[in-house]
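We have chain A already, so just place chain B on it with the hints.
Number of protein chains: 2
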Amino acid sequence: MINIAVLGYGTIGSGVVEVLKTNGDSIRKRAGDTINIKYVLDIRDFPGDPIMDILVHDVNIILNDPEVKIVVEVMGGIEPAYTYVKEALLKGKSVITSNKELVAKHGAELLDIAKERALNFLFEASVGGGIPIIRPLNQSLTADEIVEITGILNGTTNYILTKMSEEGIGFAKALKNAQDLGYAERDPSADVEGYDSCRKIAILSSLAYGMQVDFEDIYTEGIADITDIDISYAKALNARIKLFATSVKENDDNVFAMVAPIMIRANHPLYSVNDVFNGIYVRGNVIGDVMFYGSGAGKLPTASAVVADVVDAAKHLSKNIWTIWSSKKLELVSIDKVKNRFFVRVAKDKNSNEDIKAIFGEIEEVPEVVKNELAFITPLITEGEMQEKKERINGLLGSIRIRF
Amino acid sequence: MINIAVLGYGTIGSGVVEVLKTNGDSIRKRAGDTINIKYVLDIRDFPGDPIMDILVHDVNIILNDPEVKIVVEVMGGIEPAYTYVKEALLKGKSVITSNKELVAKHGAELLDIAKERALNFLFEASVGGGIPIIRPLNQSLTADEIVEITGILNGTTNYILTKMSEEGIGFAKALKNAQDLGYAERDPSADVEGYDSCRKIAILSSLAYGMQVDFEDIYTEGIADITDIDISYAKALNARIKLFATSVKENDDNVFAMVAPIMIRANHPLYSVNDVFNGIYVRGNVIGDVMFYGSGAGKLPTASAVVADVVDAAKHLSKNIWTIWSSKKLELVSIDKVKNRFFVRVAKDKNSNEDIKAIFGEIEEVPEVVKNELAFITPLITEGEMQEKKERINGLLGSIRIRF
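As given, the protein sequences belong to chains A and B, one line each in that order.
Residue numbers for the first sequence follow numbering that gives the first Met the number 0, beginning at 0 and rising by one.
Residue numbers for the second sequence follow numbering that gives the first Met the number 0, beginning at 0 and rising by one.
None of these hints come from the bench; they were simulated from the model.
Be aware that a few hints might be false.
Since the list can't tell identical chains apart, any single copy or any two copies may satisfy a pair.
Straight-line Cα separation of at most 20 angstroms, EDC-like style, residue types lysine to aspartate or glutamate; simulated pairs [what the hints assert, rightly or not]:
1. 314 to 144
2. 104 to 186
3. 318 to 387
4. 20 to 144
5. 298 to 144
6. 318 to 32
7. 314 to 115
8. 20 to 390
9. 234 to 166
10. 114 to 166
11. 327 to 251
12. 114 to 335
13. 314 to 78
14. 298 to 100
15. 28 to 251
16. 28 to 111
17. 175 to 165
18. 349 to 364
What you are looking at is a predicted structure, and each value in this text was computed from that prediction instead of being measured.
Just chain A, same shape as in the assembly (with noise of 0.2 angstroms):
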């Protein structure tokens, strides 16, 4: 029998003790072993829960007792976290997680004190929900260099554009829509302004790269500026609006990385990734493109993720899965070096074809939506020169990076 206790018995907390019971049987084969949930850590009661029973308030009970072989952190944010999951590593206990601001910020040196006592830092359910994503870049990719993961990588924000889409309804109510299904927060920031995708797609490039990538480095735009007139725009291209978490690496000396909204076209493999759902994209050196899709949240997808690290520290009790991830940092290249195209919309009376032609040379120009606007797309240039672009322009409505 293999003893864990589970920090934090909200949502996935929660799923995590489901799982455990709904499929025991199958998890005690594939893990060798009986897993038992020895203690659930919460500062709340839950009087009529069975897990009353094993619920303590003070940490320290579970950090000190050397039958806990495995503490599962489910708590999110930084602190008390942190504190917690470090103290549990230092007293030898291999550590799970799905909280993508711990890993994002101290994955590097999380991982460097598993790796010293033969113990393991898992996090397979910090991005992508329930998708095999991070075991599948550490263990199944290692034959190749990856040179690009792209991914759709918050459920919040995929759900309200695939709304406004399909239902052709603005930003503000298909976020209404969202926050009644409790798909969106009611302060939706962390996932509306990107804040979310920006921290997974930190965590991905940092294992993709081998070096610690900080978020704070990542170029990152929301979605709250899309208006239905963008969505009918794309849908008059043939195209989706899609808020994209991105990394590049050219060459070693090259790495960019960006969350912002992005138009594509069917032939992205991304395309057909719509509502909730998340998906990723990789790109390796020999292996092509690859692409994995599933539930990004949610209560049991999460925990099923959470429980299968869960069962391979079991497997792995002495021994570290190797994880490359230095805490030497990845210099990005600046976003103003970055290159993309643009659909751009203009006020038509301020600006004539030959203004826009004037600033950005040869444009494609896009049929008429709206009475009294201008759109087109601009070559491919850089942010930087973009930005100096846009100041230029009278009556700017709006834009958005396109990849097609």
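For chain B alone, coordinates are given in the frame of chain A:
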């Protein structure tokens, strides 16, 4: 330094040599040691090729060399591959293979031999080319009971069906096109008759359910009977025809598997898997739906999967990576009992709507695409019932299963 030997210097074998050379540095980091190809076995000579220095014609040189720790079998076919692989394991070497025939037929036995000797028998490349699917099934989806696996597992047939759909050409012309491009062999029967997909779904099902699924037991239908008229109907129905390899576990006593063309609509995760790409969709009882997508064949993608297995074997030189695939046979449910809906075409001059309704009861009418044809969709009925009803139709022109 870890010495390996490559059995077979064909497309994949030369890909393995190329990948180890191209990405040697990063592979060394991932494996924790240099991977050195000590021998390549082939009956042919390759004058001028650098591997001539390490080419051998006698497998015993490899089998009897204790320095060789890992043997890569990329010859294909059952014999002599089976004999060589078994002998290599018995002599204490881990084995990596891309050989789906070998794995489907002897996987359980070879895994047992490897496990008894603390070695590894790995076969990521045997299904889905470069797509990570074997390792995710074994190591990532361990918290789930798998209830369905459905894949587009054969790139050749997917290419043919895609071209038929995009270009409105018939099967024969699309096949010729695929042969000209090297996507189909001169004798294309293994692909177009579904045998290749059948072996692959047998492997995936054995791993998903942990017991031996014999490929001979899987009902298998190819795509040779799909016509351009079927494709036109599919378009009229907003659907596409794909060759599905599928297995579903309704409960412990109720698993079925089949390979057959299926009509699906855009809401199916595999709808966008076109050309030579493969897609594998897995449903777990807690994770929900996940999908894996990528190049299902090709020299470098397949070699990437082989080399990733070499890296894994190198990291686990004397530790077996647990794989659950018992040699105990899983008895599949008779195909006659499996329920499906069918799209059916009949000759109009031999059937009235009333005749059809007398046979099938409530049907869903399909708009006319071809004169003198009557097309409709049946209710959900068993394959046995369908067989019997087909015999009662005069002038049956064709039928295709649908999933929408």
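- Message: Checking an output row: residue 104 and residue 186, CA cutoff 20 angstroms. Within, between, both or neither?
- Response: Cα proximity of residue 104 and residue 186: none, with 22 angstroms in one copy and 55 angstroms across.
- Task: Evaluate residue 314 and residue 115 at a C-alpha cut-off of 20 angstroms and name the case that applies: within, between, both or neither.
- Result: both (18 angstroms within a copy, 17 angstroms between copies)
- Item | Alpha-carbon proximity between residue 318 and residue 32, which holds within one copy, between copies, both or neither at 20 angstroms | So residue 318 and residue 32 pass the 20 angstroms test inside a copy (16 angstroms) and across (17 angstroms) alike.
- Task: Measure nothing new, just compare the shortest in-copy and cross-copy C-alpha distances for residue 318 and residue 387 to 20 angstroms and report within, between, both or neither.
- Result: Result: close neither inside a copy nor across copies, 54 angstroms intra and 59 angstroms inter.
- Task: With 20 angstroms as the alpha-carbon cut-off, assign the pair residue 28 and residue 111 to within, between, both or neither.
- Result: Classified as between: cross-chain Cα gap 16 angstroms, same-chain 30 angstroms, threshold 20 angstroms.
- Item | Within, between, both or neither, where residue 234 and residue 166 count as close if Cα-Cα is 20 angstroms or less | within (12 angstroms within a copy, 24 angstroms between copies)
- Message: At most 20 angstroms between CA atoms: does that hold for residue 175 and residue 165 within a copy, between copies, both, or neither?
- Response: within (16 angstroms within a copy, 40 angstroms between copies)
- Using 20 angstroms as the alpha carbon limit, work out where residue 314 and residue 144 are close: within a copy, between copies, both or neither. Answer is between: at 19 angstroms across copies they meet the 20 angstroms cutoff, but 28 angstroms inside does not.
- How would you classify residue 298 and residue 100 at a CA-CA limit of 20 angstroms: within, between, both, or neither? Answer is within: at 18 angstroms inside a copy they meet the 20 angstroms cutoff, but 39 angstroms across does not.
- Given identical chains, is residue 114 near residue 335, meaning Cα to Cα at most 20 angstroms, within a copy, between copies, both, or neither? Neither way: residue 114 and residue 335 sit 38 angstroms apart in one copy and 54 angstroms across, limit 20 angstroms.
- Item | Alpha-carbon proximity between residue 20 and residue 144, which holds within one copy, between copies, both or neither at 20 angstroms | between (40 angstroms within a copy, 12 angstroms between copies)
- Measure nothing new, just compare the shortest in-copy and cross-copy C-alpha distances for residue 349 and residue 364 to 20 angstroms and report within, between, both or neither. within (17 angstroms within a copy, 55 angstroms between copies)
When held up to the earlier numbered hints, the structure conflicts with 2, 3, 8, 10, 12, 13 and fits the remainder.
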